[in-house]
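*Asks:* Residues per chain are reported as follows:
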Amino acid sequence: MSEAPRPEVRSQHPPETLALTGSLDQNAQTLQELFQGDDGFVLRPIQNRYFEERRYFLAYCAGMMDQHFVSETIIKPLASERLERTGSDTAGTVLRQVLYAHGPGKQAETFADLVEAAAYGDAVVLLPDGSALIFGAQGFPIRGITEPEGEKLLSGPREGFCEALMPNLTLIRRRLRTNDLKLRFMTFGERSRTRACVCYLDSLVNRPVLAELERRLDTIFIDGTLDSHYLAELVSDHPYSPFSSLGSTERPDAVVSKLLEGRVAVLLDGSPVALTLPYLFIENFHAGEDYYLNYLYASFSRMLRILSFCAAALVPGAYIAVTAFHQEILPLPLLINIVREKQSVPFPVGLEVFSLLVIFDILRETGIRMPSGLGQAMSVVGALVLGQAAVAAKLASSMVIVVVALAGVTSLLIPKLSAATLVLRYGILMLSLLLGFPGLMLGLSAALAHILGLRSFGMPQTVLSGNLRAQDMKDIAVRAPLFAMRERGPVSPNRRRSRNAAWRDTK
Amino acid sequence: MRPLFCLLSALALLGGCANYQEPGHINIVIGLAVDRGENGYSLTFEAVDLSGSPKDNEMDSFTVSAEGVTIPHALEDARRQTAYRLHYGNLETIVVHEDLAREEGLSPLLSWCVRDAEMRETAGLVISRAASAREVLSAGGADIRVSSYVLEHTVNPPDGRAGHTVRVPIYRAADMLNTPGKALVLPAVSVQPGEDGDDGAQGEGKSRGVIRLDGLAAFRGDRLTGYLEQERVPYYLCLLRGRGRHEFVLDAGGRGEALRVRDCRTRLTLGGSGADGLPSFHIAVSARAVRLSAGAPAEREAAERLTEELRRTLGIIRSELDADILALGYELYIRDREQWELLGDHWPGPLSGARIEVEGAFRTIEN
Numbered sequence: 004m005s006e007a008p009r010p011e012v013r014s015q016h017p018p019e020t021l022a023l024t025g026s027l028d029q030n031a032q033t034l035q036e037l038f039q040g041d042d043g044f045v046l047r048p049i050q051n052r053y054f055e056e057r058r059y060f061l062a063y064c065a066g067m068m069d070q071h072f073v074s075e076t077i078i079k080p081l082a083s084e085r086l087e088r089t090g091s092d093t094a095g096t097v098l099r100q101v102l103y104a105h106g107p108g109k110q111a112e113t114f115a116d117l118v119e120a121a122a123y124g125d126a127v128v129l130l131p132d133g134s135a136l137i138f139g140a141q142g143f144p145i146r147g148i149t150e151p152e153g154e155k156l157l158s159g160p161r162e163g164f165c166e167a168l169m170p171n172l173t174l175i176r177r178r179l180r181t182n183d184l185k186l187r188f189m190t191f192g193e194r195s196r197t198r199a200c201v202c203y204l205d206s207l208v209n210r211p212v213l214a215e216l217e218r219r220l221d222t223i224f225i226d227g228t229l230d231s232h233y234l235a236e237l238v239s240d241h242p243y244s245p246f247s248s249l250g251s252t253e254r255p256d257a258v259v260s261k262l263l264e265g266r267v268a269v270l271l272d273g274s275p276v277a278l279t280l281p282y283l284f285i286e287n288f289h290a291g292e293d294y295y296l297n298y299l300y301a302s303f304s305r306m307l308r309i310l311s312f313c314a315a316a317l318v319p320g321a322y323i324a325v326t327a328f329h330q331e332i333l334p335l336p337l338l339i340n341i342v343r344e345k346q347s348v349p350f351p352v353g354l355e356v357f358s359l360l361v362i363f364d365i366l367r368e369t370g371i372r373m374p375s376g377l378g379q380a381m382s383v384v385g386a387l388v389l390g391q392a393a394v395a396a397k398l399a400s401s402m403v404i405v406v407v408a409l410a411g412v413t414s415l416l417i418p419k420l421s422a423a424t425l426v427l428r429y430g431i432l433m434l435s436l437l438l439g440f441p442g443l444m445l446g447l448s449a450a451l452a453h454i455l456g457l458r459s460f461g462m463p464q465t466v467l468s469g470n471l472r473a474q475d476m477k478d479i480a481v482r483a484p485l486f487a488m489r490e491r492g493p494v495s496p497n498r499r500r501s502r503n504a505a506w507r508d509t510k
Numbered sequence: 006m007r008p009l010f011c012l013l014s015a016l017a018l019l020g021g022c023a024n025y026q027e028p029g030h031i032n033i034v035i036g037l038a039v040d041r042g043e044n045g046y047s048l049t050f051e052a053v054d055l056s057g058s059p060k061d062n063e064m065d066s067f068t069v070s071a072e073g074v075t076i077p078h079a080l081e082d083a084r085r086q087t088a089y090r091l092h093y094g095n096l097e098t099i100v101v102h103e104d105l106a107r108e109e110g111l112s113p114l115l116s117w118c119v120r121d122a123e124m125r126e127t128a129g130l131v132i133s134r135a136a137s138a139r140e141v142l143s144a145g146g147a148d149i150r151v152s153s154y155v156l157e158h159t160v161n162p163p164d165g166r167a168g169h170t171v172r173v174p175i176y177r178a179a180d181m182l183n184t185p186g187k188a189l190v191l192p193a194v195s196v197q198p199g200e201d202g203d204d205g206a207q208g209e210g211k212s213r214g215v216i217r218l219d220g221l222a223a224f225r226g227d228r229l230t231g232y233l234e235q236e237r238v239p240y241y242l243c244l245l246r247g248r249g250r251h252e253f254v255l256d257a258g259g260r261g262e263a264l265r266v267r268d269c270r271t272r273l274t275l276g277g278s279g280a281d282g283l284p285s286f287h288i289a290v291s292a293r294a295v296r297l298s299a300g301a302p303a304e305r306e307a308a309e310r311l312t313e314e315l316r317r318t319l320g321i322i323r324s325e326l327d328a329d330i331l332a333l334g335y336e337l338y339i340r341d342r343e344q345w346e347l348l349g350d351h352w353p354g355p356l357s358g359a360r361i362e363v364e365g366a367f368r369t370i371e372n
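As you go down the protein sequences, you meet chains A and B in turn.
Just so we're aligned, residue 4 is where the first sequence starts under my numbering, counting upward by one.
Just so we're aligned, residue 6 is where the second sequence starts under my numbering, counting upward by one.
Worth flagging that the hints you see were computed from the coordinates, not collected in a lab.
Please read these numbers as outputs of a predicted model, since none were measured by experiment.
Ideal placement from N, C-alpha and C gives every residue a C-beta, glycine not left out.
One thing to keep in mind: the hints can contain errors.
Sample of chain A residues with no beta-carbon within 12 Å of chain B, all distances over it, derived [unchecked claim]: (1) 189; (2) 334; (3) 451; (4) 490.
Computed from the model, here is a short list of chain B residues facing chain A with C-beta under 7 Å [what the hints assert, rightly or not]: (5) 25; (6) 29; (7) 53; (8) 55; (9) 94; (10) 95; (11) 121; (12) 122; (13) 125.
Label pairs and their calculated CB-CB ranges [stated by the list, open to error]: (14) A:303 x B:8: 54 to 64 Å; (15) B:84 x A:329: 16 to 26 Å; (16) B:297 x A:300: 45 to 55 Å; (17) A:408 x B:86: 35 to 45 Å; (18) B:7 x A:218: 28 to 38 Å; (19) A:374 x B:84: 40 to 50 Å.
From just these sequences and the hints, can you work out the full model?
*Replies:* Right, here's the structure in full:
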């Protein structure tokens with residue numbers, strides 16, 4: 004038996020202007036047509052056992068809602084309510100009283116509301132008077148609150164965001180018990196209809212930045228936003244730059260600390276990553292636990308990260324510039340070792356470094372994609388066995404292994420700049436191969452010029468280029484003790500004293 | 006895109022940096038001996054022998070000899086003899102034979118050293134008093150095989166010992182030649198024949214000679230005029246203006262009782278000119294010393310002894326060298342330009358008639 008031809012699927016989201024009609028059956032038919040071709044959509048008629056004229060339709064998507072909640076809170080009251088109409092009450096009014104008594108709901112105005120609600124696990128009830136009610140009945144599974152894998156701390160809160168928006172907002176609000184916290188919900192994606200939330204503290208927020216963010220968000224047109232990085236790319240000041248214009252974190256404590264500095268956070272349903280803005284370049288070198296550990300240790304760690312970024316970007320290029328162009332600056336014993344080893348390696352130094360860097364990146368990528376235990380084993384195999392084997396087989400000199408390992412390991416220390424490190428490393432490598440140290444300096448100068456020109460929602464990312472204030476310097480390359488950082492950072496226009504330890508001043 | 010292309014092209018073409026060379030394709034030259042050849046210059050390069058295993062810490066060397074009418078011609082000749090390029094960027098020492106320095110001067114050599122982009126201007130200059138400069142590069146030390154290393158370590162000991170000679174890099178030699186009132190002074194070395202049958206640290210086929218410091222070579226202009234013998238060098242260094250660490254043993258009294266001088270502070274004062282129009286100088290040397298034996302002389306006695314040695318050294322410099330290696334003319338040039346204008350053209354001739362007083366003082370810092 005041949006299958007009946009399927010009617011044309013109306014995949015387009017209904018327009019906002021498609022309003023509900025006054026007829027229950029017509030509304031049900033329209034809704035059914037909107038979901039035509041979706042076997043997961045259920046439109047279930049419910050008949051009240053006591054009043055024949057009281058018919059309803061319950062609409063939902065299978066697997067998305069809490070079946071028990073719907074059964075007890077919606078179906079049971081609708082099927083068995085016995086309230087009589089009194090005076091001018093309509094049937095809809097009576098039913099709303101019944102349903103609201105069991106659970107919170109809201110009135111729908113258009114079919115767009117109904118479709119979005121049903122698709123997100125809400126229960127839609129079409130009433131006999133042509134109106135419709137939506138009940139939050141989501142029952143789909145979500146991941147629990149766990150520590151983010153990429154932002155583990157030695158000391159500090161272990162909570163991390165999950166993929167659901169409301170629990171994430173709960174994690175933020177739990178840390179900010181104030182009406183100053185403002186949440187603005189928006190929807191993105193013509194088809195995904197993903198909800199997002201813009202959070203800020205009303206008294207601290209940088210208004211121009213907030214206005215610029217809203218202006219950019221309003222202009223987004225996209226089919227679907229599956230992760231907050233979609234938004235990040237769409238609203239970025241420098242979409243072609245390897246440096247980010249927005250910060251990202253999976254830690255609610257980090258988001259709250261940004262909000263307290265006058266920044267804005269954007270959370271997206273379906274993504275555990277919160278975006279923060281404006282973003283300063285130096286934040287690339289900050290870690291969440293900098294504020295939970297001793298300030299000396301934190302400052303040292305920050306400087307190590309800055310040094311690591313420089314090493315990761317420059318060391319391969321500098322090695323080529325020195326060994327292939329400017330051998331005279333090497334100490335003689337080191338030069339002798341390098342030349343002696345190179346005489347037995349058949350490849351030019353540029354190809355040697357380039358190919359080993361690529362191999363290292365392959366190993367790194369493999370280590371990330373593999374299960375954790377196996378990934379570590381891959382790293383060991385790559386670093387020790389492969390490196391040793393390459394030297395023994397005279398495919399590479401041991402000095403190049405050291406250089407590539409140094410560049411690779413230092414780049415792991417600054418994951419926020421992984422893309423920038425990659426671009427800079429290979430770019431400067433190529434320039435060094437062409438021109439030696441002038442090439443390296445050319446690449447470095449271009450990178451610095453680009454970094455100094457970076458902006459984040461109208462604010463320069465390197466704010467030091469403006470008026471230099473001592474307070475602004477206390478959370479950059481070093482982290483001053485908390486009591487010494489008396490003012491908020493340079494982002495918030497509200498620069499009044501934010502921290503204090505009065506007993507120190509009165510001693 | 007076009008500006009970037011222009012910038013890259015300019016860097017490549019004008020920066021002189023398109024000198025890519027594979028590190029595995031070079032011979033690292035660490036020493037250069039310059040002799041007079043039959044038709045001009047005879048150069049001997051000492052390069053590191055890289056044929057050994059990388060795990061072998063022992064460093065050995067080989068030499069390449071070349072001749073040419075000029076230094077660039079000789080370099081061309083050397084390039085034809087080696088498969089890999091000769092790399093001068095890590096040159097440590099240049100040995101010049103005394104005949105060449107005396108008769109042709111150092112200017113052509115220094116000019117090449119300064120103009121050559123690859124040459125390291127921190128390489129030290131040494132004068133060979135042996136039969137040839139090449140002989141120095143064929144000799145060695147008691148503990149190191151590579152002659153240039155031996156030379157460099159002899160002139161500039163890695164353990165910080167001082168007071169035996171001066172180290173003059175290329176850039177300073179060029180500067181001294183062009184500074185009014187200064188005379189070039191270079192360390193001189195000779196080769197002492199080794200004992201028969203004793204191969205020492207040298208490899209087979211090498212001379213068993215050992216490199217030794219052999220005084221200081223004094224120059225007038227770029228020509229060698231004479232030598233200050235090695236036993237006078239510590240006192241010469243004490244006579245130089247300024248403060249320096251000069252370690253030497255002062256034999257005070259001839260009874261085997263001695264003091265070890267640790268450092269000297271020398272003050273040079275320019276006096277007025279006398280009736281003959283010549284300037285007068287006063288050199289005050291204040292030395293600090295360690296008493297090496299219980300019977301070592303007292304400070305006053307040691308000061309007299311030091312003064313006597315300093316005066317004797319000064320006498321030799323004035324009478325035998327015909328070169329202002331104390332840079333007294335430079336002192337005059339700086340402090341009394343009018344008098345220098347009168348005397349400068351004849352300098353260091355007037356130095357032999359100038360009044361120079363030397364006074365030594367002593368302080369024992371340890372017993």
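*Asks:* Tell me if residue 25 of chain B is really an interface residue toward chain A, meaning its C-beta lies closer than 7 Å to one of theirs.
*Replies:* holds, 5 Å
*Asks:* With 7 Å as the cut and Cβ atoms as the points, is residue 94 of chain B at the interface with chain A?
*Replies:* Given a least distance of 3 Å, the restraint on residue 94 of chain B holds.
*Asks:* Regarding the assertion that residue 490 of chain A does not contact chain B, is the least Cβ-Cβ distance greater than 12 Å?
*Replies:* Consistent with the label, residue 490 of chain A stays out of reach of chain B, its closest Cβ about 42 Å off (over 12 Å).
*Asks:* If you check the beta carbons of residue 84 of chain B and residue 329 of chain A, does the distance land in 16 to 26 Å?
*Replies:* Cβ of residue 84 of chain B to Cβ of residue 329 of chain A: about 21 Å, so the range 16 to 26 Å holds.
*Asks:* Tell me if the interface restraint on residue 95 of chain B is satisfied: Cβ within less than 7 Å of some Cβ in chain A.
*Replies:* OK, holds: residue 95 of chain B within 7 Å of chain A, min 5 Å.
*Asks:* Verify this label for me: residue 189 of chain A is non-interface relative to chain B, using a Cβ-Cβ cutoff of 12 Å.
*Replies:* For residue 189 of chain A, whose nearest Cβ neighbour in chain B is about 39 Å away, the distance exceeds 12 Å, so it holds.
*Asks:* Does residue 55 of chain B meet its interface restraint, that is, does its C-beta lie within less than 7 Å of any C-beta in chain A?
*Replies:* holds, 5 Å
*Asks:* Double-check residue 125 of chain B for me: the hint is only fine if its C-beta lies closer than 7 Å to a C-beta in chain A.
*Replies:* Since chain A brings a Cβ to about 5 Å from residue 125 of chain B, closer than 7 Å, the hint holds.
*Asks:* CB of residue 297 of chain B to CB of residue 300 of chain A, is that within 45 to 55 Å?
*Replies:* holds, 52 Å
*Asks:* Take the shortest C-beta to C-beta distance between residue 29 of chain B and chain A; is it under 7 Å?
*Replies:* holds, 3 Å
*Asks:* So is residue 451 of chain A really clear of chain B, every C-beta pair being over 12 Å apart?
*Replies:* With a cut-off of 12 Å, residue 451 of chain A remains clear of chain B, as the shortest Cβ separation is near 15 Å.
*Asks:* Per the CB criterion, is residue 53 of chain B less than 7 Å away from chain A?
*Replies:* Holds, about 5 Å.
Against the hints set out earlier in the document, violations occur for numbers 2, 11, 12, 14 and 19.
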